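**Q** Residue 227 in the UniProt record's numbering sits at position 227 of the first sequence; the count goes up by one each step and never skips.
Wrong hints could be hidden among the right ones.
[Said to hold, decoys possible] Derived DSS-like pairs: lysine-lysine, alpha-carbon spacing no greater than 30 Å straight-line:
| no. | residue 1 | residue 2 |
| --- | --- | --- |
| 1 | 202 | 176 |
| 2 | 47 | 18 |
| 3 | 63 | 158 |
| 4 | 306 | 158 |
[Claimed, not checked] What follows is a set of in silico ranges between Cβ atoms, one per label pair, in the way DEER data are often shown:
| no. | residue 1 | residue 2 | range |
| --- | --- | --- | --- |
| 5 | 351 | 53 | 45 to 51 Å |
| 6 | 381 | 250 | 36 to 42 Å |
| 7 | 211 | 250 | 20 to 26 Å |
These aren't lab readings, by the way, just hints derived from the structure by calculation. Please read these numbers as outputs of a predicted model, since none were measured by experiment. Even glycine gets a Cβ: it sits at the ideal position worked out from N, Cα and C.
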Amino acid sequence: MSDSMDYFGSENEIFRNKELLQVSHLPDGDRIIGREDELSDLANAIKPATRGNTPNNVLVYGKTGTGKSLCSKFITTQAVERAERNDVSIGVAYVDCLQESTETQAVQSAGHQLNDQPETDISIPHSGLSTSEYYRRLWRIIDTRYDVALIILDEVDKIEDDDILMQLSRAVESGKLTSSTVGVIGISNKVRYKDSLDERIKSSLCEREYVFSPYDATQIREILRSRSDAFHEGVLEDGVVPRVAALAAREHGDARKAIDILRFAGEIAEENDLETVTEDCVDQAHEREETSRLAELISKSPSHAKLVLEAMALLTQQKEGDDAPVTTNEAYDLYKRLCERDQSDHLKLRRVRDILSELEFLSIIEQERKWAGKGKGNYMENRLIDDPAVILAACNESE
DNA sequence: CCAGATTTCCATAAAAACTAGA
DNA sequence: TCTAGTTTTTATGGAAATCTGG
Numbered sequence: 001m002s003d004s005m006d007y008f009g010s011e012n013e014i015f016r017n018k019e020l021l022q023v024s025h026l027p028d029g030d031r032i033i034g035r036e037d038e039l040s041d042l043a044n045a046i047k048p049a050t051r052g053n054t055p056n057n058v059l060v061y062g063k064t065g066t067g068k069s070l071c072s073k074f075i076t077t078q079a080v081e082r083a084e085r086n087d088v089s090i091g092v093a094y095v096d097c098l099q100e101s102t103e104t105q106a107v108q109s110a111g112h113q114l115n116d117q118p119e120t121d122i123s124i125p126h127s128g129l130s131t132s133e134y135y136r137r138l139w140r141i142i143d144t145r146y147d148v149a150l151i152i153l154d155e156v157d158k159i160e161d162d163d164i165l166m167q168l169s170r171a172v173e174s175g176k177l178t179s180s181t182v183g184v185i186g187i188s189n190k191v192r193y194k195d196s197l198d199e200r201i202k203s204s205l206c207e208r209e210y211v212f213s214p215y216d217a218t219q220i221r222e223i224l225r226s227r228s229d230a231f232h233e234g235v236l237e238d239g240v241v242p243r244v245a246a247l248a249a250r251e252h253g254d255a256r257k258a259i260d261i262l263r264f265a266g267e268i269a270e271e272n273d274l275e276t277v278t279e280d281c282v283d284q285a286h287e288r289e290e291t292s293r294l295a296e297l298i299s300k301s302p303s304h305a306k307l308v309l310e311a312m313a314l315l316t317q318q319k320e321g322d323d324a325p326v327t328t329n330e331a332y333d334l335y336k337r338l339c340e341r342d343q344s345d346h347l348k349l350r351r352v353r354d355i356l357s358e359l360e361f362l363s364i365i366e367q368e369r370k371w372a373g374k375g376k377g378n379y380m381e382n383r384l385i386d387d388p389a390v391i392l393a394a395c396n397e398s399e
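Start from the sequences and build out the full structure, keeping to the hints where you can.
**A** Here's what the structure looks like:
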């Protein structure tokens, strides 16, 4: 795992093993810092699964970068290993509900991860089946391959339909599964999420609830140190780790952000051919980090959403104030011209309105409906949350 | 046939401007 | 002059229809 071949060894003085700085990197047991209580809570809830019994369904709350996904993935892989010793087979599916935002897609994804076509002779086509057929196949796969299936639903609050929670959390009692059982781990950033749930779902999904608190400054520093093996000996200057930690602390102790910044700092040192990673690199890395999350979001968006955003960014730049609002019609007119530029046909206004509200949902823009009075009707003000220049860069980058 | 994307159609909200009544 | 009620307007957003790729 951690012995990737270093083909450019002599030239690459900065990184020894960059994988350690991948946020999704699963550290060894002793490398999850400051989450001991959370891990044992989770382990407790999952425990029955290792003996082939139905685990407790869990709902995990916490702000971004508090280790929710990491701990969930970690504890489930541990559970799989432990279960093997008891001759129990556990299957784990990790569904990112931000990507798989509908019930069907989520079930499809879970099925795909748990499946092994040669063994089960069940195929999970990318599309074309009814939702219920995806469910049927999922149940069959679980029944044939596993004793217990653990399904992690990351960012559950982003899913449009509550039905999947109902189906999964009650699969056993409703007799969909005969020889197996299912456990659900729901992860959400919103503490309020539970309130929006149907009573029946609440009672079955929320058997256990845990809140992950933000890391404090000391823990962030520890996390960074534990991952500094990613760098060669002595490459990190003394001030670097504290400086990164300080930046992350400003952001409610977001460990993901801290790790990203550290990685970018290394990359910047590398690009500039420096011997060491300096505090200066960290400051530049901070800026790059702010851009990168946005760029990632944008690059995953459909092309027309990018054009709408581009139109908004251009219009915002044209206007005087920094956060000048743009009306939907202004944006739509420019969007149409951008489509002509790309010689593709434009979407209709109604669809663009929906795209704008999707962008609002992703916290890329803010919307406010305004009324102008008699004879003037109403209009929507859309304003970019981030710097238009950054948006434009992100739009162009992902062509 | 299915889900998901897009289009078509249309009732509606809200507040300044206008009107009638006091 | 002040008040209460009515008019006017348009983008919005819900719902249904239609299209598309598999």
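**Q** Would you mind marking each hint as holding or not holding in the structure?
**A** Status of the hints after comparison with the structure:
1. 202 <-> 176: holds (20 Å)
2. 47 <-> 18: The hint is violated at about 33 Å.
3. 63 <-> 158: holds (14 Å)
4. 306 <-> 158: Judged against 30 Å, a Cα distance of about 20 Å means the pair holds.
5. 351 <-> 53: 45 to 51 Å: holds (49 Å)
6. 381 <-> 250: 36 to 42 Å: violated (29 Å)
7. 211 <-> 250: 20 to 26 Å: holds (22 Å)
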